[in-house]
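Enquirer: Heads up: the sequence lines are chains R and W, in that order. The numbering used here applies: residue 479 is where the first sequence begins, and numbers increase by one. The numbering used here applies: residue 110 is where the second sequence begins, and numbers increase by one.
The set of hints was computed from the structure by calculation and includes no laboratory data. In this text, a Cβ means the ideal position worked out from N, Cα and C, and glycines have one as well. Worth double-checking, as some hints may not be accurate.
One side of the interface only, derived from the structure: several residues of chain R facing chain W at Cβ under 10 Å [what the hints assert, rightly or not]:
{"no.": "1", "residue": "Tyr546"}
{"no.": "2", "residue": "Met618"}
{"no.": "3", "residue": "Tyr804"}
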Amino acid sequence: MDDSLKLKGLLPDAELLRFYEQMVLCREFEESCAEQYAKGEITGFLHLYSGQEAVAVGCTAALESRDYILSAYRDHAQAIVRGADPKRVMAELFGRATGICKGKGGSMHLFSPEHNFMGGYAIVGGQFPIAVGLSYAASMRKEDRVTACFFGDGSMNQGTFHESLNWARLWDLPVLFICENNFYGIGTEVHRASAEVMLHRRTCGYDIPSEKVDGMDVIAVYQATKRAAAWVRERQRPYFIEAVTYRFRGHSMADPAKYRSSAEHEVWKSRDPIPNLGRRLVAEGIIDEAGIEEILKRCTTQVEEAVRFASESPWPRDEEIWEDIYV
Amino acid sequence: MSEMTYRDAINLALKEEMRRDSSVVVFGEDVALYEGAFKVTRGLLSEFGEERVRDCPISENTIVGVAVGAAMGGLRPVAELMTVNFALLAMDQIVNHMAKVRYMFGGQTSAPLVIRMPGGGGSQLGAQHSQSLESYFMHCPGMHIAYPATPADAKGLLKTAIRDDNPVIFLEHELLYNSRGEVPDDPEFLVPFGRAAVLREGTAVTLVGYGRMSILCLQAAALLEKDGISCEVIDLRTLSPLDTESFIGSVQKTGRALVVEECWQSAGLGGDIAARIYEGCFDRLLAPVKRISGLDVPMPYSRKIEKLCIPQTDGIVQGVRELLTAPY
Chain R
479 MDDSLKLKGL LPDAELLRFY EQMVLCREFE ESCAEQYAKG EITGFLHLYS
529 GQEAVAVGCT AALESRDYIL SAYRDHAQAI VRGADPKRVM AELFGRATGI
579 CKGKGGSMHL FSPEHNFMGG YAIVGGQFPI AVGLSYAASM RKEDRVTACF
629 FGDGSMNQGT FHESLNWARL WDLPVLFICE NNFYGIGTEV HRASAEVMLH
679 RRTCGYDIPS EKVDGMDVIA VYQATKRAAA WVRERQRPYF IEAVTYRFRG
729 HSMADPAKYR SSAEHEVWKS RDPIPNLGRR LVAEGIIDEA GIEEILKRCT
779 TQVEEAVRFA SESPWPRDEE IWEDIYV
Chain W
110 MSEMTYRDAI NLALKEEMRR DSSVVVFGED VALYEGAFKV TRGLLSEFGE
160 ERVRDCPISE NTIVGVAVGA AMGGLRPVAE LMTVNFALLA MDQIVNHMAK
210 VRYMFGGQTS APLVIRMPGG GGSQLGAQHS QSLESYFMHC PGMHIAYPAT
260 PADAKGLLKT AIRDDNPVIF LEHELLYNSR GEVPDDPEFL VPFGRAAVLR
310 EGTAVTLVGY GRMSILCLQA AALLEKDGIS CEVIDLRTLS PLDTESFIGS
360 VQKTGRALVV EECWQSAGLG GDIAARIYEG CFDRLLAPVK RISGLDVPMP
410 YSRKIEKLCI PQTDGIVQGV RELLTAPY
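Here chain W stands alone, though its shape is the one from the complex (with noise of 0.2 Å):
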């Protein structure tokens, strides 16, 4: 085990694929020379040379569909869209090609490559830079996603997202980057896909969250022990395949479900997952299944109002006293 960043953990996981597979390249605008707006492809540069981690112009939709075309002709490439934002411009080739190529092609071919998007909210971006998308991709098919909580996480899901012969979503939280955490040195430690965690055991409340929600669910429960209050928290780790069994089995033992979403909640994933508590375990359920999510407004600036519009810990402890106090 060592201990490092989100960002470091996310680094490390590219360059030992790559070390180990030579046909894993990286591209994407400003991740050779400049090492990435956000500094996580640092010293890929120099250590693959430019063949293989190459900068872009500035072309998201290319970017996605040209790393579809090389998936298709052998390659495993691991583009970068800047922010997950920028996903919007490449929709077409995300869910028109990458999503479809192996179906319409009646699985005579693959598509084997993974987009890296960091996103969500927090940081004054305004608007257009805040966003989370995370159900935009969740409702198409032929895609996996991953969204990691943790450095070790970051490191093992990245590695298998490498692995995986179908195309991966894979979304970081800017605000994770500079988190720590252990992570396993072992070279060959992945985290498979479709498997959620239970990052803490807990008896009266189920937690649902992914990515950075995740671990303001932690926060929360931390929080919450101290008035006796037992959470569990499950981080789904991946958004497709979803790991349903996770909280269905969870909420089986605790009869109450928060779902924490950064998305906006009308036709989010929080909704989705609700339903499929309902549909799974309605009789054990003590009380409704509760969201918590991003606010359906576009993000203001101000960080005074900005953060009224995302999820915050306190918000969930007061989430969990609702669901434990409401009257059924």
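Pulled out of the complex, with its shape left as it was, chain R reads as follows (with noise of 0.2 Å):
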């Protein structure tokens, strides 16, 4: 984080509060989701966000209410940043039937049509088409969106990550592609994935403009989608984002990351966007060490009502098998 860099003034003092909230909020839903998977009440695939938070909030606070966003399986932080409900993403997650998605999705696939949330996709890679899709349809009804698309960095060595910005590029439609970088396609880190480590320079075959951002800082995340989302929209053409980020727990909750070593992990542990950004609101005195307490008490709180909702929800009923297959 460019600690040179003031604040105040840079962005009004409740914004840049609300984006180190943010960042808590899902911190918090995150680590509790880890406790309820040990205990058993989430079963399945459970990928946490924690250490990536800059990226969904800074982006978002960058976009407009109106523009799609669309992400992959580690979506929770997505989601909830947007406005869907936590206590019905932890519903989705313990499948009851109050879930976001009826339990019907589960962790990977939360959808909140009403904030413009369009979707997590747990096929890597698969979004990228739909972004396309929904980003052509957008401009065919003069709707004026930017479609975000987030994706990790294993993603783009996919068929549809090549083909899609081809397509996006060729039909010129306002999509923002917004890479994740947390340096890990599960185990395999990048370099020995892509042949091109510099991965903002993969998209010059398809004449998209890219940049790199420091995705462990959320106001330059926020900056850097500002300024592309405006090219974006004003061009009707789209536009790359690499963000270099890092995931502090493994994949999912069955990797414990062996293959990272623990200095790695520490020199990133020290760049967590959190508390790096708590500091300077305090050290500016845009909040106080009292008021980063309440914060965290409110997020904490408002997690727990997340988990007692989600346990006292109803399972889905068995008829609802056969619903929502067909129109």
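Reassemble the complex: the two chains are provided individually, in unrelated frames, and hints are given to aid placement.
Expert: Structure follows, in structure tokens:
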């Protein structure tokens, strides 16, 4: 995080505090998910976002609410930051009828059309063409929406990545591709999967401009996305952001992340976007320590309420199996 | 009524639906400027313009995915895959996405789109361009599958497909494109899904077909009639939803069933239909259900041996005779 940059005045205080609180909420939510997984309340695959919060929060804040957002399977934060109710997200993870997708989607398939959160997709790279299609529809319907498509570094080696970038530029669609480069596709480090490790440079074959941003710095992510989204909206052309970030946990709950050294982990922990922003907010007098504590308390309470709501919610009815297959 | 080809009937359905509903868009490889590899999209670009009729790069998986996204976003895309064989490149978007988005997102979205796919064998196109993959699609819930046999159904089923709020795989047989028939002029002529057609009534044997196989069944039935053998021909029209009652009802009357499928026999739809017949009217059967299928081989090129691999009219005739003389 660029400490020389003054936060005060850069954005309204309330906005800065909102960034902080949203990141804390996401972190508390994810850490609570880990506990609920250990208890057996959450089952199946569970991919946690801890460490990457600055990307979801910074990007989302820079977009308009009418803009579409799509993500991969590490999608809780994106949905919650977009406005999905943490209670209904937690209920989804618990597999309950009150879940955001009635308990039929699970952790990897959140969806909230009223927030223009158009889904978490669990086939690596599956969301690229769908993002292009949504953007095409929005463009045909003159809806003035940017489609923000989030994905991980690993998905850039799928055919759909290349097909979709080519297509988006060929048809000149307003898609903002946002790569969350956390350096690992499960256990395979970027340099073992991609011939070009400077991932943002891989868009040159599709004539799509790109840039790299510090994904551990919510302000940097916000500013880059703000500029990029304005560019995309004005020119009706795709753009690419590589946000360099790190996940503090393994790929999923099944992954102890033994392929990473503790030294590497420590370096990135020191760059944790949440305490770093908190420290600066305090240093600049935007909030005090008590205020920071209050935010944490508010978030933990919200997450506890989400867990309570989920655990008290009913299971889906058996008949639900046959519903929603066809219209 | 107007007489026209299967190709022109599809073309007419596209034009009528595009005139009716501005959210209907067409895209695919070479569908606009080139007017389609099989010329099915002739005249669309000039009438509807390049916003609604667009050529795509050769990216089948993304063609389907873009159609899914566009449908979720409020359009009614009719995408063309140049042939069904290339759908294998798009199976991720077809099976993992198109057929799943509604269910896994808890019914909060839908994907009203059509993927048109010409296919089938018999043109000496070799192993990679002669496949019949209907059973692959039929295995997967979450999408409808239509396969017209006649020009009238080609028009009526495609119009229903475009108006369907579910994703539809629309299979077209390349050898039927030039076949001719009477087609209703009514722009509201729709053929409902899930209702098979009785192409011919009969009493001794039920022939169950779809697509070009139904036409072969009709030809076989006409030949057999000369020998006094009365065949009922059921054309499934849609493979999903499948009109199970139609063929079970017919077999209850005839007591004998022959299923004709162009796809490979192993784990194919013929076996599934046979099982449904056994489950539905075992006590009425006078003989085991017979299947005539594509042979379980990759398609050879040479026309001399290619035709041995695809169901033929004389094979169906012989199959019916075997059914009638079986010692049960």
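Enquirer: Could you run down the list of hints and mark each one as holding or not?
Expert: Tested hints:
no.	hint	verdict
1	Tyr546	holds, 8 Å
2	Met618	holds, 6 Å
3	Tyr804	holds, 5 Å
Against the hints set out earlier in the document, no violation occurs for any number.
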